[in-house]
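Take the sequences, apply the hints, and build the full model.
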Amino acid sequence: MIPLLKRLGLNKYSVDQKSHIEVNTDICLTCKNKPCTVSCPAGTYEAQPDGRIIAHYERCLECGGALVICPFGAIKFRFPEGGISYNYG
Amino acid sequence: MSFDADVIIVGGGLSGLSAGITAIKEGLNVILLERGEYSGAKNVSGGRMYIHALQKLIPDALERAPLERPITKETYEFYCKNKKLTFSFEEKDKKNSYSVLRAKFDRWLASEAESLGLLISYSTLVTNAYRENGGITLETNRGTLRAPLAIDASGVTSVVFRYLGLRNFTPDKWMLGVKEIIKTNVNLPESEGEARTIVGLISGVKGGGFVYTNKDTLSVGMAVTFDSLPKSEVPAKDLVESFREKLGIEGEVLEYSAHAIPYYGFKNLQQLYADNLIAVGDSAGFLINDGFTIRGMDLAIASGMIAGLAAKKIVEMRDFTKTSIYYDMLKESFVLKHLELAYSRFELINKGTTLNIYTEVLCDLLSDMFTVTEDRKTLIEYALLRLKEKGISLTQAIRDMISAVK
Ligand SMILES: Cc1cc2nc3c(=O)[nH]c(=O)nc-3n(C[C@H](O)[C@H](O)[C@H](O)COP(=O)(O)OP(=O)(O)OC[C@H]3O[C@@H](n4cnc5c(N)ncnc54)[C@H](O)[C@@H]3O)c2cc1C
Ligand code: SF4
Chain Z
1 MIPLLKRLGL NKYSVDQKSH IEVNTDICLT CKNKPCTVSC PAGTYEAQPD
51 GRIIAHYERC LECGGALVIC PFGAIKFRFP EGGISYNYG
Chain G
90 MSFDADVIIV GGGLSGLSAG ITAIKEGLNV ILLERGEYSG AKNVSGGRMY
140 IHALQKLIPD ALERAPLERP ITKETYEFYC KNKKLTFSFE EKDKKNSYSV
190 LRAKFDRWLA SEAESLGLLI SYSTLVTNAY RENGGITLET NRGTLRAPLA
240 IDASGVTSVV FRYLGLRNFT PDKWMLGVKE IIKTNVNLPE SEGEARTIVG
290 LISGVKGGGF VYTNKDTLSV GMAVTFDSLP KSEVPAKDLV ESFREKLGIE
340 GEVLEYSAHA IPYYGFKNLQ QLYADNLIAV GDSAGFLIND GFTIRGMDLA
390 IASGMIAGLA AKKIVEMRDF TKTSIYYDML KESFVLKHLE LAYSRFELIN
440 KGTTLNIYTE VLCDLLSDMF TVTEDRKTLI EYALLRLKEK GISLTQAIRD
490 MISAVK
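Those protein sequences? They're chains Z and G, same order as listed. Numbering of the first sequence is given in my numbering, commencing with residue 1 and proceeding in unit increments. Numbering of the second sequence is given in my numbering, commencing with residue 90 and proceeding in unit increments.
Hints in this document: simulated from the structure, not taken from any laboratory. Fair warning: this is a prediction, and the values are worked out from it, not measured in the lab. Ideal placement from N, C-alpha and C gives every residue a C-beta, glycine not left out. Among the clues, some could well be false.
[Said to hold, decoys possible] No more than 25 Å apart at the CA atoms, straight line, and that leaves these computed lysine to aspartate or glutamate pairs for DMTMM-like:
#1 G/K145 - G/E115
#2 Z/K6 - G/E341
#3 Z/K6 - G/D305
#4 Z/K76 - G/E228
#5 Z/K12 - G/D305
#6 G/K162 - G/D182
#7 Z/K12 - G/E341
#8 G/K170 - G/E330
#9 Z/K12 - G/E339
#10 Z/K34 - G/D261
#11 Z/K6 - G/E322
#12 Z/K76 - G/D316
#13 Z/K32 - G/E322
#14 Z/K6 - G/E126
#15 Z/K12 - G/E330
#16 Z/K12 - G/E126
#17 Z/K32 - G/D316
#18 G/K320 - G/D379
#19 G/K162 - G/E279
#20 G/K184 - G/D149
#21 G/K184 - G/E166
#22 Z/K34 - G/E322
#23 Z/K6 - G/E334
#24 Z/K12 - G/E344
#25 Z/K32 - G/D261
[Unchecked claim] Under 8 Å between C-beta atoms, here's a sample of chain G residues computed to sit facing chain Z:
#26 R191
#27 V245
#28 F258
#29 L265
#30 V267
#31 S308
#32 K326
#33 E330
#34 E334
#35 V342
#36 E344
Following this line, the structure appears as C-alpha cells:
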C-alpha cells in the first residue's frame, strides 16, 4: 500500500495559513466511535489519547465530507482560498 | 442598487460552463466565478461521460474535445467471499460514452466558453450569499458581486443554496468518491476502451468500484455512502488502495483525488429553485447511480444548458421570482425523466443489503449448478432454497426483480 502522505503529495497544494476546518474538541470528548477518523479520505482527523481530535487541515482533499461526517456537528468546514489542484483527472 | 451582471454563475465545472455557454449565446451579460486556479483543478469524476448532452452543447465536440477512449466493452464483477461472478459485453465502434479526465476536459470546455465571450473569474471563492434589494449578493475573496439571478453550479456542496439556508445535508444522501489514476500500458486499439463495474470487493461499505480505461492510464476508484464508511473493512484513506491491490492493478500512481457525490434519488431531491436562484448539476443533486451506471456529467451539462435558456426567459420577463420556468423546462427534458425512471432501481439498491444478498444468492446458485453430486435438484429448487436461506420470499424476490428491470 502506498502511504497516504505520498499519495497526497502527488497533488498541488496551496495551503492557507489558517485552518479551514474548526473542530469543537469539547464535543469530541463525549464521542465514542469517532466516525471522522475513518471517514475522511485524506486522514485529516486524528484522535488524541484524551479523546480530542486534531485536524491536519493541510491534507484536505476538499471532498466536502467534513460537512456530513460528524454526527454531532462538531466540525465547521469552509473551503480554503487556495487548496488543492489536480493535474490529471 | 446596480447589478454587476444579468446572471452570476457560481462554479466552473461542467454544469456551470454549460450554463455560461448557453447564456452567452442567448446574449445575456454573464459572470462565472470559479474557486480553482483553472476549471478542472478541483473537479473529480470517475471519468465515463455519456456524450449525448455534450454533442448538443458543442455539435462538433467529438472531433475537438479532449476525450480519452470510447467505451466499447462493459465488464461486471460481483464478489461474494470466495466466489466471483463476471460478465462482459462488447460492442465495437460504439461511440455513446467516452472516458474523460476532468483536469483536461473542463479546462478545454472553459476555453471554449471564453472564446464565446464568457467572463470567468478564477481563484474566486464565494464565501457567503444573501438577499438584498431584489437580487443576490455574493461575497468572495476578491470582493462583493450582485446579480438579480444566480445559478448555483458549485457542485454537491451547493454553496449559494447553503448560505441561504436552503440545504440540509446528511451522510446517507452523499457518497464519497475516491479515485486514483494509474499509468499503464493499455493493450487496446485507440478506438476501444473498457469500463469495469465491481461490487462486493470491499466489505462493509454500501457502493461499488470502477476501472475506466483512458489513453495511457486507468482511472480506478470507488463510490460508497458516507454513512457506511464507519462499517468499512478499511478506513476511507485506504479504500482505493485496498481496492486496487485486491484487483491486482499495478503501476505508477499519478493522482489521488476525492469528492462527494450526491445520492438523493428522484423523490428525495432538494429544492431546485428559489427566487433569484437556480441549481444545476450536482448542486441540484442530479445524479443517477442505478448499480449499472454512474451518470452525473451528462445531467450536469444538460441541466446547465436548460438553466441558460431559462435565464434568458427570466431576464426578458424582468421578474426574477419566476424561476419555476427552469423547473418546467427540466420536467420536459430527459434530466428529470431519467431520474424518475431510475428511482425504483435506486430504491432497491438503497435498501443497502439488497445488492449484496442477491449477488450472494446468484453466486450460490451458480455454484450449485456447477457442482455435480448424486443429489441433484432442479434450478428452481436451488433458487428457492438459496432465497430461503437469505430470508427472502419468492414474492419479495419477484417484486424486487420487477423494480430492477423497471
Ligand atoms: C469518484 C467519482 C466518480 C464519478 N463517476 C462518474 C462517471 O463515471 N460518470 C459521470 O457522468 N459522473 C460521474 N461522477 C459524477 C460527476 O463527477 C458529477 O456529477 C459532475 O462533476 C457534476 O458537475 P458539476 O459541474 O455540477 O459539479 P463539479 O464538477 O463539482 O463543479 C463544481 C465547481 O464549482 C466550484 N466551486 C465549488 N464551490 C465554490 C465556491 N464556494 N466558489 C467558487 N467556486 C466553487 C468547484 O471548484 C468546481 O469547479 C463521479 C463523481 C465522483 C466524485
Ligand atoms: S469531530 Fe465529531 S465525529 Fe469526529 S471525533 Fe469529534 S465529535 Fe466525534
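Verification of the supplied hints:
no. : hint            : verdict
1   : G/K145 - G/E115 : holds, 15 Å
2   : Z/K6 - G/E341   : holds, 12 Å
3   : Z/K6 - G/D305   : holds, 22 Å
4   : Z/K76 - G/E228  : holds, 19 Å
5   : Z/K12 - G/D305  : holds, 22 Å
6   : G/K162 - G/D182 : holds, 10 Å
7   : Z/K12 - G/E341  : holds, 17 Å
8   : G/K170 - G/E330 : holds, 19 Å
9   : Z/K12 - G/E339  : holds, 23 Å
10  : Z/K34 - G/D261  : holds, 17 Å
11  : Z/K6 - G/E322   : holds, 22 Å
12  : Z/K76 - G/D316  : holds, 18 Å
13  : Z/K32 - G/E322  : holds, 19 Å
14  : Z/K6 - G/E126   : holds, 23 Å
15  : Z/K12 - G/E330  : holds, 20 Å
16  : Z/K12 - G/E126  : holds, 11 Å
17  : Z/K32 - G/D316  : holds, 16 Å
18  : G/K320 - G/D379 : holds, 22 Å
19  : G/K162 - G/E279 : holds, 13 Å
20  : G/K184 - G/D149 : holds, 14 Å
21  : G/K184 - G/E166 : holds, 23 Å
22  : Z/K34 - G/E322  : holds, 16 Å
23  : Z/K6 - G/E334   : holds, 17 Å
24  : Z/K12 - G/E344  : holds, 10 Å
25  : Z/K32 - G/D261  : holds, 20 Å
26  : R191            : holds, 5 Å
27  : V245            : holds, 6 Å
28  : F258            : holds, 5 Å
29  : L265            : holds, 6 Å
30  : V267            : holds, 5 Å
31  : S308            : holds, 7 Å
32  : K326            : holds, 4 Å
33  : E330            : holds, 5 Å
34  : E334            : holds, 7 Å
35  : V342            : holds, 6 Å
36  : E344            : holds, 4 Å
The structure agrees with every numbered hint stated previously.
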